[in-house]
Amino acid sequence: MHTRWLMPGILLCVFVLSLIIHRFELLDSYLQLIVMYIGINIILTLSLNLINGYMGEFSVGHAGFMAVGAYIASFLTVKVIPAHLAAWLFPVAVIAGGMGAALVGLVVALPSFKTRGDYLAIVTLAFVMIVKSVIENIDALGGPRGFLGMEKLATLPWVFFWVILSLWIIRNLVYSNFGRGVLSIREDEVAGDLMSVNTRQVKVLAFTVSSFFAGIAGALFAHLLQFINPRSFDIIKSTDILIMVYLGGIGSIAGSILGATVYTVLLEILRPLGIWRMVLIPLILVLLMLFRPKGIMGLREFPWFVPLRDRLAGRLPRNKRGSS
Amino acid sequence: MPVLETHHLTHHFGGLAAVSDFNLAIEPHELVGVIGPNGAGKTTVFNLITGVYRATDGSISFADTEIVGKTPSEITSLGIARTFQNIRLFRELTVLDNVRVAHYAQVRYNAIEALLHLGRFQTEEKSILEHSLDLLASLKLESYTDELSKNLPYGLQRRLEIARALATRPQLLLLDEPAAGMNPQEVGQLMEFIQWIRQEFKLTILLIEHQMHLVMGICERLLVLDFGETIAEGKPREIQNNPRVLEVYLGETQ
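Protein sequences, first through last, are from chains A and B. Residue 1 is where the first sequence starts when you use our numbering, and the numbers rise one by one after that. Residue 1001 is where the second sequence starts when you use our numbering, and the numbers rise one by one after that.
I should point out that these hints are in silico values taken from the structure, not numbers from a laboratory. Just to be clear, a hint being listed does not mean it is correct.
Some, not all, of what chain A presents toward chain B, calculated at C-beta under 7 Å [to be verified]:
| hint | residue |
| --- | --- |
| 1 | Phe178 |
| 2 | Leu183 |
| 3 | Ala191 |
| 4 | Met195 |
| 5 | Ser196 |
| 6 | Asn198 |
| 7 | Ala313 |
Glycine included, C-beta positions come from ideal geometry on N, C-alpha and C.
Turn these sequences into a full structure, and let the hints guide you.
Spelled out as structure tokens, the structure:
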């Protein structure tokens, strides 16, 4: 029984620690920033992994969902919510950003009914461009100049909270009936359909959840950087997230965490190399794809992320199963 | 009253009539075979019944419901399950998950309960797991539960495909060349196995097969297709002596 409370216990301790660090500024602010970037990248990587890794589709639309979340949340905290309430209502703004992105995600789910693979990649690429030019043409959002005035509301405890929430929700989805439907689409969509999986329902759910968390990450990103412009959410941003997914490993929660962490830290460590950084990192990727094409953790999972029932499923002796 | 009934079922690929005027009525618990040379339209009939293709013309009724125009997952939920000519397992999933996937339509929890692992989720998942393990045990696959399905030997992959189809709790099972690639001894075992699942799971079975030994041995009735047309129908003994069937299989006699 005690193992059941081990994980929540550890998480609670870390959360309290993050509160203390934030309150008393125990960590160098640069390091804090890096840790928060890692957190935001974990959310982005995991949510894209749901589509590209678990479902086996190829979406490059995550920068677009991120933009929607970032702009909605920023507009709310700067223009709608009174300044003295901004800190209190920040979660509401973040959730609104996520909801907005999820709604847009629903729209992107529709072409995925008809097309997949390279074709879906082109559809989502177009989507990123549309979001960018729509924002560039809305004056209330600052147009191409960008949008600023956000307070630094994304703090260590908040980022930690959202990382844990997204990990938990996406893990729950993966280890459910709908999650098995997601996997069946990756393995053989027609066979999945013929085994009673409602593939449309599964796609809508996966895209909605995935874009919701991309929107959350966008909202946090905006309130960490305190400045956003349409160029922050172009195809390069999507590519970054793709790299983290394929570096860490497709179809793996542990891989998403690893990919986001390694990539973010690597970018920072190699900063002194200047322009050579952008030579070295692609080189690392090429080598990775040659020797481990599914990523570091590809299709494997760290046992802690697997619910107990699924972990033990086949290992219980036949006669003990009835009593469990 | 027939479980499955097709009327004037017709399907064209461009100008080619893959199936034309196909009429079939299967009574409950019957075991019917469809034979015919390669390209005769047998698998197309399966694809029409299961909704992979939408029939150009004609109707298919299953348990008094018209199913032309329904999606494959809807048709499967009504009680028709199938296997594939070329094995189409979920290769990177475990044996257990292959079977659990097929419970999709039976689950009675919604997306919110799934995302939070709350409400009906725990009890439903427990019963899916138990049903899956029971099914694997009764098909003697229980020692492979955690194995990736791609790692199973060929014969067991075929059996797992049947297990997966049975997990959808079908009334009607469509088997597409279940004996493909098997030696005579394995075919003998398969014949017993098919008879056994028919009894055990109270199934009506429609199967496509090239191995005459199997077809003649277990089918109660046969349909012979050639170039999309039904050229003969009857008991195996009648079919064996039917001149048109002999012509199709052995070539024209002088």
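We went through each hint and held it up to the structure:
1. For the restraint placing phenylalanine 178 of chain A at the interface with chain B, the shortest Cβ-Cβ distance is roughly 5 Å, inside the 7 Å limit, so the hint holds.
2. Of the supplied interface hints, the one on leucine 183 of chain A holds, with its beta-carbon coming within about 6 Å of a beta-carbon of chain B, less than 7 Å.
3. Hint status for alanine 191 of chain A relative to chain B: holds, with the closest Cβ pair at about 4 Å, below 7 Å.
4. Among the interface hints, the one on methionine 195 of chain A holds; its C-beta lies about 4 Å from the nearest C-beta in chain B, closer than the 7 Å criterion.
5. Look at serine 196 of chain A: its Cβ gets to within about 4 Å of chain B, closer than 7 Å, so that hint holds up.
6. About 5 Å separates the beta-carbon of asparagine 198 of chain A from the nearest beta-carbon of chain B, less than 7 Å, and the hint is met.
7. Because the smallest distance between the Cβ of alanine 313 of chain A and any Cβ of chain B comes to about 6 Å, under 7 Å, the interface hint for this residue holds.
Of the numbered hints given earlier, the model fails none.
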